[in-house]
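Peer 1: Please take these sequences and the hints and turn them into a complete structure.
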Amino acid sequence: MHDLDLIPADYRQLLQLQRWLIRLGLSALLIVGVASDSRVALAVGIRSQEQAVEQLRAAEALSLDRRARLATLRSQREELGSRLGVLEGLRGGAPARQMLLAVDRAFGPDLWLLEWDFRRAGELVEKQPETEHAGYFVVVPASAEDERPRAWRLDTHMEMRGRALHHAALAGFVRRLVEQPEILDVRILNTQARQYTSRQVVDFDLAVVVRSHGS
Amino acid sequence: MSTFTRLLRRVRPTGLGPIGLELVPEGLRAVQLEQRGAELALVASLRAGWPDGDPAVRESTPALRRFLRSALGSAGLRGRRVITTLAPSDVKLMVLNYQSRGDTDDQAIVSLVSERVREPVAELVIDYSTMRTSGEKHGEKSALVAVARRETVIERLESLRACGLQVDALEIAPGAVRRLIGRATRDDPDENALAFHCQTGRSELLVLWGRRFVLHREVDLGAHDVIEAVGKALSLDEDEAAHLLEGASHSSEVGGTLREVLKPTLYGLAEQVNQAVIYAASQTHGAPIHCVRLLGVPRRWPAVAELLAQLLELPVRPVEPLALFEPAPGRPPGRAGDELAVAAGLALRGMIQDA
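Protein chains in written order, with my numbering: chain P, 1 to 215; chain Y, 1 to 355.
Please keep in mind that the hints were generated in silico from the structure rather than gathered at the bench.
Beta carbons are placed, not taken as given, at the ideal position from N, Cα and C, and that holds for glycine.
There could be a bad hint or two in this list.
Claimed, not checked - Cut-off 25 Å, straight-line C-alpha distance, at most; resulting in silico cross-link-like pairs (SDA-like, lysine to any residue):
| # | chain 1 | residue 1 | chain 2 | residue 2 |
| --- | --- | --- | --- | --- |
| 1 | Y | K92 | P | R12 |
| 2 | Y | K263 | Y | T284 |
| 3 | Y | K92 | P | D3 |
| 4 | Y | K92 | Y | P55 |
| 5 | Y | K92 | Y | S74 |
| 6 | Y | K92 | Y | A71 |
| 7 | Y | K141 | Y | A287 |
| 8 | Y | K141 | Y | P189 |
| 9 | Y | K141 | Y | G164 |
| 10 | Y | K141 | Y | L93 |
| 11 | Y | K141 | P | D3 |
| 12 | Y | K141 | P | R12 |
| 13 | Y | K92 | P | E182 |
| 14 | Y | K92 | P | H2 |
| 15 | Y | K263 | Y | P189 |
| 16 | Y | K92 | P | L62 |
| 17 | Y | K92 | Y | E119 |
| 18 | Y | K141 | Y | S74 |
| 19 | Y | K92 | P | V34 |
| 20 | Y | K92 | P | A9 |
| 21 | Y | K141 | Y | D105 |
| 22 | Y | K92 | Y | R212 |
| 23 | Y | K263 | Y | R212 |
| 24 | Y | K141 | Y | H285 |
Unchecked claim - The following label-pair restraints were derived from C-beta to C-beta distances:
| # | chain 1 | residue 1 | chain 2 | residue 2 | range |
| --- | --- | --- | --- | --- | --- |
| 25 | Y | E26 | P | S38 | 53 to 59 Å |
| 26 | Y | E123 | P | Q16 | 57 to 63 Å |
| 27 | P | Q16 | Y | S74 | 30 to 36 Å |
| 28 | Y | G164 | P | G33 | 22 to 28 Å |
As the list claims (entries may be wrong) - Chain P is faced by these chain Y residues, among others (derived, beta-carbon under 7 Å):
| # | residue |
| --- | --- |
| 29 | V57 |
| 30 | V121 |
| 31 | E171 |
Peer 2: This is the structure in structure tokens:
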């Protein structure tokens with residue numbers, strides 16, 4: 001049996017529509033709220049990620065800086081290593097005492113020395129070690145700016161200026177010097193005969209190349 | 001089951017029913033039920049007078065809202081959904097006989113209502129329930145029609161809405177009583193009963209053939225008239241007369257006296273009941289009325305029930321509304337239940353399968 005109901009149909013529909021609209025509005029508000037929250041959460045997340053990216057970038061920059069610094073330090077180490085090699089090379093070879101002994105062994109009675117210059121030094125040259133026989137080379141690593149291979153040429157030589165009573169005494173001295181194991185080569189740079197007090201003497205200049213390591 | 005009922009059941013997942021709410025001149029009547037397993041159980045009931053006994057509270061929405069919230073909440077009534085009625089003065093009930101000659105029932109009834117009410121139909125709210133009659137085979141039909149002014153209906157609905165309530169249905173009191181009687185006779189659904197619903201200042205007669213209306217009639221006799229008659233005859237005030245009515249049975253000498261005192265008062269009622277019985281018999285091919293179902297405060301008055309049975313020559317079976325349900329835990333309904341017949345019938349709407 002039909003139950004009576006005096007609520008007008010249009011009023012009921014209006015209320016239902018109103019309720020539906022309210023629910024829709026609430027749903028929309030909810031969605032907006034959720035979206036807003038999500039946006040905020042997303043923004044926070046993005047900010048956090050951006051901070052992480054910034055930190056990573058900073059770390060990367062630091063890493064690059066350290067790497068560059070490391071490369072510089074390596075370069076410096078190699079430079080220092082090469083200098084150490086040069087220094088060791090300079091320190092190496094025949095000691096001065098031995099050189100004195102060698103000269104003493106070759107010395108004769110008819111001549112005397114006015115000047116004696118002993119020099120041991122390095123010189124940065126184009127690397128052509130194969131063609132050199134005097135001194136030895138320490139290879140220097142090629143730098144970024146300069147691709148040419150370079151090397152320290154270590155040179156030890158002596159220059160002597162003296163006087164001999166005659167050329168035979170000078171020749172004997174040179175021959176004996178060349179025979180010494182410490183001496184690589186002897187070059188007569190200059191000889192000149194001249195009157196000294198009451199007799200004739202020969203002034204001479206000699207260049208003595210001392211044997212080094214590797215030569 | 002109507003579409004509305006199915007919808008109502010769908011949106012009530014917890015088994016909690018709507019609040020049956022009746023606003024009467026004396027105050028507020030409310031009942032709420034719930035489905036507890038296979039049984040219907042009482043959630044809570046309420047019988048409260050208006051604050052300071054002033055019925056004008058009904059006209060003030062803020063005052064009504066405060067009162068409803070306080071009263072419903074303290075009684076343990078839950079939710080916002082209510083089923084309520086219009087005040088009897090705001091609704092016209094009429095039984096209309098009509099023939100549908102090519103018209104739909106709606107058109108025929110609207111036409112008849114417009115003739116009787118003499119108001120623009122657009123300003124009215126009309127609903128009806130077809131009644132069982134003898135002439136159905138010949139195209140003659142009968143319907144119980146409720147008519148109310150649309151403005152009044154909207155005012156009531158908006159007033160309750162402003163109080164935070166959601167009105168699921170706006171019924172008429174006889175519909176609620178019919179449903180309650182249906183609940184009382186659920187073991188014998190074919191019982192033809194005459195329901196006498198006695199309220200404070202007026203009463204209703206309903207003739208029910210099974211679950212359907214055969215007749216509805218308002219009777220100008222209320223419980224107050226009975227009390228007044230006893231008080232006047234025995235020189236008692238109203239409380240003493242009511243107390244006497246409750247205690248006296250046919251076995252006592254007082255009961256006999258009361259029956260004698262009440263005979264003049266109830267003769268008029270008996271006459272109307274007899275006319276109703278004759279009318280009902282004419283509409284139902286002489287189907288007998290099996291009993292009188294007595295609702296309202298007189299249910300507790302044995303002398304009235306005995307006198308009615310004697311005058312009508314029918315068994316009188318009192319109906320205690322709240323006893324038809326599983327009791328609410330810790331909330332005995334007490335005597336107040338007798339005044340909650342309409343509220344209980346309203347609360348039943350949508351809770352039972354109504355044939």
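Peer 1: Look at each hint and say if it fits the structure.
Peer 2: To see whether the hints hold, each was checked on the structure:
1. In summary, the hint linking Y:K92 to P:R12 is supported, as the alpha carbons are separated by about 21 Å, within the 25 Å threshold.
2. At most 25 Å may separate the alpha-carbon atoms for a hinted pair to count; Y:K263 and Y:T284 exceed this at roughly 30 Å.
3. At most 25 Å may separate the alpha-carbon atoms for a hinted pair to count; Y:K92 and P:D3 meet this at roughly 16 Å.
4. In summary, the hint linking Y:K92 to Y:P55 is supported, as the alpha carbons are separated by about 22 Å, within the 25 Å threshold.
5. Using a Cα cut-off of 25 Å, the hinted pair Y:K92 and Y:S74 is violated, with the two alpha carbons roughly 34 Å apart.
6. Distance check on the hinted pair: Y:K92 and Y:A71 sit about 29 Å apart at the alpha-carbon level, beyond 25 Å; violated.
7. Restraint check for Y:K141 and Y:A287: satisfied, since their Cα atoms lie roughly 18 Å apart, inside the 25 Å limit.
8. Restraint check: the Cα-Cα separation between Y:K141 and Y:P189 comes to about 23 Å, which is no more than 25 Å; the hinted pair holds.
9. Between Y:K141 and Y:G164 the alpha-carbon distance is near 40 Å, which puts this suggested pair outside the 25 Å criterion.
10. With a C-alpha separation of about 16 Å, the suggested pairing of Y:K141 with Y:L93 holds against the 25 Å cut-off.
11. A threshold of 25 Å between alpha carbons decides the hint, and for Y:K141 with P:D3 the separation of about 17 Å falls inside it, so the pair holds.
12. Taking the CA atoms of Y:K141 and P:R12, the gap is about 29 Å. The hint is violated against a cut of 25 Å.
13. For the given pair, Y:K92 sits about 146 Å from P:E182 by alpha-carbon distance, which is inconsistent with the 25 Å threshold.
14. Restraint check for Y:K92 and P:H2: the C-alpha separation of about 18 Å stays at or below 25 Å, so the hint holds.
15. For a cut-off of 25 Å, the pair hint linking Y:K263 to Y:P189 is broken: about 32 Å separates their Cα positions.
16. Straight-line distance between C-alpha atoms of Y:K92 and P:L62 comes to about 93 Å, which puts the hinted pair past the 25 Å bound.
17. For the proposed pair Y:K92 and Y:E119, the alpha carbon gap of about 13 Å is at most 25 Å, so the pair holds.
18. The suggested pairing of Y:K141 with Y:S74 is violated, with an alpha-carbon distance near 47 Å, which exceeds 25 Å.
19. Of the supplied pair hints, the one linking Y:K92 and P:V34 is violated, its CA atoms being roughly 52 Å apart against a limit of 25 Å.
20. In summary, the hint linking Y:K92 to P:A9 is supported, as the alpha carbons are separated by about 19 Å, within the 25 Å threshold.
21. Between the alpha carbons of Y:K141 and Y:D105 the distance comes to roughly 9 Å, so the proposed pair stays at or under 25 Å and holds.
22. Of the supplied pair hints, the one linking Y:K92 and Y:R212 holds, its CA atoms being roughly 19 Å apart against a limit of 25 Å.
23. At most 25 Å may separate the alpha-carbon atoms for a hinted pair to count; Y:K263 and Y:R212 exceed this at roughly 31 Å.
24. Proposed proximity of Y:K141 and Y:H285 is supported: the alpha carbons are some 15 Å apart, at most 25 Å.
25. The given range of 53 to 59 Å is respected by Y:E26 and P:S38, whose C-beta atoms sit roughly 57 Å from each other.
26. Between Y:E123 and P:Q16 the beta carbon distance is about 23 Å. The supplied range of 57 to 63 Å is therefore violated.
27. Between P:Q16 and Y:S74 the beta carbon distance is about 31 Å. The supplied range of 30 to 36 Å therefore holds.
28. Remark: the range hint 22 to 28 Å for Y:G164 to P:G33 is upheld by a beta-carbon distance near 25 Å.
29. At about 23 Å, the closest approach between the beta carbon of Y:V57 and any beta carbon in chain P exceeds 7 Å, and the interface hint on this residue is violated.
30. For Y:V121, the interface hint is violated, since its Cβ never comes within 7 Å of a Cβ in chain P; the closest pair sits about 12 Å apart.
31. For Y:E171, the interface hint holds, the least distance from its beta-carbon to any beta-carbon of chain P being 6 Å, beneath 7 Å.
In this structure, the earlier hints numbered 2, 5, 6, 9, 12, 13, 15, 16, 18, 19, 23, 26, 29, 30 are contradicted, and the remaining ones agree with it.
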